[in-house]
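K.L.:
From first to last, the protein sequence lines stand for chains X and W. At position 466 of the first sequence the residue is numbered 465 (numbering that gives the first Met the number 0), and the sequence of numbers has no breaks. At position 256 of the second sequence the residue is numbered 255 (numbering that gives the first Met the number 0), and the sequence of numbers has no breaks.
Simulated from the structure, these hints should not be mistaken for lab results. Yeah, the Cβ is synthetic: ideal placement off N, Cα and C, and Gly gets one too. A couple of the hints might just be wrong.
[As the list claims (entries may be wrong)] Taking CB as the label site, the calculated pair distances span:
no.: 1; chain 1: W; residue 1: Ala-108; chain 2: X; residue 2: Leu-277; range: 24 to 34 Å
no.: 2; chain 1: W; residue 1: Ala-108; chain 2: X; residue 2: Pro-544; range: 40 to 50 Å
no.: 3; chain 1: X; residue 1: Ser-551; chain 2: W; residue 2: Ile-115; range: 18 to 28 Å
[Claimed, not checked] Here are some chain W residues pointing at chain X (derived, C-beta under 7 Å):
no.: 4; residue: Gln-16
no.: 5; residue: Thr-18
no.: 6; residue: Thr-175
no.: 7; residue: Ala-182
no.: 8; residue: Lys-216
no.: 9; residue: Leu-217
no.: 10; residue: Pro-258
no.: 11; residue: Pro-261
no.: 12; residue: Asp-262
no.: 13; residue: Arg-263
no.: 14; residue: Val-265
no.: 15; residue: Arg-270
no.: 16; residue: Glu-274
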Amino acid sequence: MNDSEQPGSDGYDPTGPANAPALSVHEVELAIPAEQPQKVAPDDSLTAAQAVASTATTIEVAEANPLRDPRDKRLPRVAGPCVLVIFGVTGDLARRKLLPAIYDLGNRGLLPPGFSLVGFARRDWANQDFAQITHDAVKEHARTPFREEVWKQICEGLHFVPGSFDDDGAFDALAMALKEIDETRGTGGNYAFYLSVPPKAFPVVVEQLKRTGLSKPPEGAWRRIVIEKPFGHDLQSARELNNIVDSAFKPDSVFRIDHYLGKETVQNILALRFANTLFEPIWNRRYVDHVQITMAEDIGVGGRAGYYDGIGAARDVIQNHLLQLLALVAMEDPTAFGAAPLRREKEKVLEAVTLPEDLGLATARGQYTEGWQGGVPVKGFLQEDGIPPDSTTETYAAVKLELANRRWAGVPFYLRTGKRLGRRMTEVAVVFQRAPHLPFSKTDTEILGHNALVIRIQPDEGITVRFGSKVPGTAMEVRDVNMDFAYGEAFLESSPEAYERLLLDVLIGDPPLFPHQREVELSWKVMDPIEEFWAAGKERPEGYPAGTGGPSSADELMARDGRAWRRL
Amino acid sequence: MTTFLMGSTTASDISSQLTRLRHQVGAPAVGMVLTLVVVSDESHQYDAVRAASEASREHPSRILAVVPREREEATRLDAEIRVGELTTGEVVLLRLYGELTEHADSVLAPLLLPDIPVVVWWPGNAPKVPGKDPVGSFGQRRVTDARSAPDAIAAIRSRIDGYTPGDTDLAWTRITPWRSLLAAAFDLPVGKVLDGYVEAEPGHPSAALLAVWLSEKLGAPIKVTESKGPGLTAVHLRVEEGEVVVERHDARTATLIRPGQPDRQVALARRPTSELLAEELRRLDPDEVYASAIKRVADYAGS
């Protein structure tokens with residue numbers, strides 16, 4: 000698995016997950032019977048519509064619209080009129096993920112008429128050059144088939160503003176261009192700014208948006224800002240970053256993208272747990288032995304060397320993706336599927352995370368060395384371009400965490416991530432305790448392992464339940480078998496990309512899938528002591544040959560507890 | 000794709016053959032999400048099964064196509080099983096002869112997949128009360144198509160008489176993109192709608208449904224007028240400041256016109272049956288909005 004900075008290799012699996020019918024947060028909200036629009040007298044509907052103009056969140060607009068009806072489930076959630084401005088539109092992420100995702104949204108009929116897309120970058124381009132680049136990106140990377148009429152609709156709304164981030168003139172031009180788009184395309188002053196730029200460029204872009212007044216919405220419109228991880232590199236820098244963004248945008252207009260949370264399988268964790276009765280009764284310390292959360296990548300640092308050196312696997316992956324997964328797996332049931340109740344429960348879990356006393360015994364880190372990866376010889380981390388030969392940055396990290404609450408006390412959560420491992424795989428495995436008493440002879444159950452419920456996040460999204468079954472024959476031999484649910488089989492052949500879902504949520508103004516600043520800070524509070532411990536130790540990360548399962552110290556970490564990692 | 004022909008067979012033989020085939024491919028528990036029963040005469044069968052197979056790429060299904068044949072022949076059941084690349088599930092064509100034509104339900108019952116929903120689709124003629132039909136009563140969802148009836152308008156108007164929650168009609172499915180676009184047009188306040196009209200080729204049941212839906216939601220009189228088509232061509236809604244218009248002439252792209260706003264080109268393509276069916280299978284709960292539309296269309300005077 001790869002990360003958001005390398006979207007290209009984030010191999011989207013076309014047999015992937017579904018349009019998760021059970022868990023569109025928004026749909027759940029809409030399913031609550033609301034007042035039926037036809038009962039509103041015509042005159043009231045006009046005043047209601049005018050009233051909405053002053054608040055203008057999309058959900059309120061939908062309520063005032065006489066043609067929208069919560070019972071009418073065929074009508075998709077469509078964003079209201081708006082402009083999306085992408086800074087750093089020439090970057091890899093924009094080309095491989097964002098632009099195709101916009102086309103795919105258009106193809107599914109989810110973009111409003113008049114939707115406009117403004118690219119901003121330091122290129123001497125005219126609108127038609129930008130259109131050409133977008134066209135190529137869409138043709139190459141879009142998930143849905145290319146249709147001329149959809150492209151025509153999107154192409155009409157493409158604009159490009161050239162300039163660098165410190166160029167006042169360029170931002171003045173951007174403000175002018177947006178004003179003009181409002182007039183020619185009826186976008187109503189609603190802008191979303193997507194910062195697909197390195198974190199060091201955040202302050203200057205935000206400052207420019209503030210200076211030009213673009214960050215302040217006029218009456219009846221909205222302004223939103225979308226930022227990508229990393230959200231800082233420790234607690235302090237995360238707070239500084241937040242202060243910068245907060246100085247210009249209201250907290251509820253800030254959307255932090257963790258593209259993992261846009262994945263259907265991740266959202267399905269909540270459906271699995273809270274829409275069923277089957278799993279929740281055993282989802283606690285009485286039955287669960289331990290939980291393993293893994294994100295293994297088969298690629299190396301590649302083009303991200305400059306960013307990666309000094310950051311490392313723990314900051315890059317555990318702090319955000321894995322702790323978010325932990326929160327979803329371990330949280331209590333939220334009172335509703337709105338943003339606030341969900342975040343409240345996730346924060347409670349993150350607050351309950353405790354580190355073991357001896358961090359030396361409860362953590363492991365490694366660095367990949369030269370080796371063979373899937374039949375190809377690959378370089379070691381220290382030989383990669385842009386990595387200093389004495390770098391102590393880890394490319395593999397494993398930590399053992401515990402949760403101080405009634406549900407989970409004493410159940411360890413093992414988190415691991417690494418680059419250049421044997422296989423690309425992300426999963427959450429809830430491993431159950433052995434049966435307290437086995438009425439079979441010891442030889443009968445020799446090869447019976449722990450029961451487990453595995454949520455496969457990628458590739459091959461789905462859920463596996465592992466349990467013992469009698470081997471056919473005269474002897475009573477019990478062996479582990481798998482019961483498998485695969486998204487690709489049960490639902491859509493081709494399900495929306497995480498970015499499609501997240502971009503749509505930004506344009507609609509629906510925040511449940513975006514981590515809040517408080518969650519970001521709580522995650523850093525978990526990671527900071529570990530990072531400090533590693534930095535103080537001066538020990539070099541243990542080498543592990545590329546294409547293997549990680550350093551032996553990680554295996555020892557598990558062995559000390561009498562457990563073992565699941566095979567990659 | 001592999002095809003197995005089974006002449007003069009029984010439902011239980013078909014069932015065991017299906018199980019055997021699944022084991023042979025080594026996938027005894029493919030995750031199918033529904034059983035789709037297609038009731039069709041021989042002439043519509045080919046297109047219908049094809050559309051159903053395409054829809055099953057999104058919703059892996061066991062497709063059971065029931066084709067009633069000559070009543071006067073000796074009672075017999077012929078089956079054709081298809082598994083393989085074209086569909087993610089299985090297709091079973093059941094040809095019924097003689098007295099068996101009246102007892103399709105007895106053939107279907109053992110072939111429905113356990114525990115998962117059943118959807119029945121009549122691409123051609125539908126029974127008067129689909130929910131009371133022996134085959135229809137298996138279905139959680141029953142899909143008809145008014146457009147295939149000789150008098151499509153009469154067909155859609157009579158739907159309410161035989162309505163059971165869970166019924167829908169593809170004439171309603173066809174207008175989802177139109178409804179969606181119109182709803183988006185009303186996301187910006189446009190003021191009260193005074194009156195309006197829907198323009199379509201003559202005898203188009205979807206136009207009538209769209210008109211009554213708009214009229215109900217907007218509280219304004221909406222007429223249906225005729226055009227050369229194809230299908231729906233325009234919706235005009237008069238508001239105080241002018242007109243909200245959606246026009247489509249080439250069956251692919253439409254123009255959206257709103258007062259005080261620049262005109263917009265929007266994609267609004269006509270969809271093939273497989274896509275309509277796929278939309279239909281996406282939600283298996285009763286469509287209440289459809290129910291209220293067919294209720295109104297029954298007393299609707301039209302143009």
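K.L.:
For each hint, tell me whether it holds in the structure or not.
P.N.:
For each hint, the structure was consulted:
1. W:Ala-108 <-> X:Leu-277: 24 to 34 Å: 28 Å, holds
2. W:Ala-108 <-> X:Pro-544: 40 to 50 Å: 59 Å, violated
3. X:Ser-551 <-> W:Ile-115: 18 to 28 Å: Violated: the Cβ-Cβ distance is about 47 Å, outside 18 to 28 Å.
4. Gln-16: 22 Å, violated
5. Thr-18: Status violated, d = 17 Å.
6. Thr-175: 5 Å, holds
7. Ala-182: 4 Å, holds
8. Lys-216: Holds: closest Cβ of chain X sits about 5 Å from Lys-216 of chain W, inside 7 Å.
9. Leu-217: Where the cut-off is 7 Å and the nearest Cβ of chain X is about 6 Å from Leu-217 of chain W, the hint holds.
10. Pro-258: 11 Å, violated
11. Pro-261: This interface hint holds because 5 Å falls under the 7 Å limit.
12. Asp-262: 10 Å, violated
13. Arg-263: 4 Å, holds
14. Val-265: 5 Å, holds
15. Arg-270: 11 Å, violated
16. Glu-274: This hint is violated: Glu-274 of chain W lies away from chain X, its Cβ roughly 12 Å from the closest one there, beyond 7 Å.
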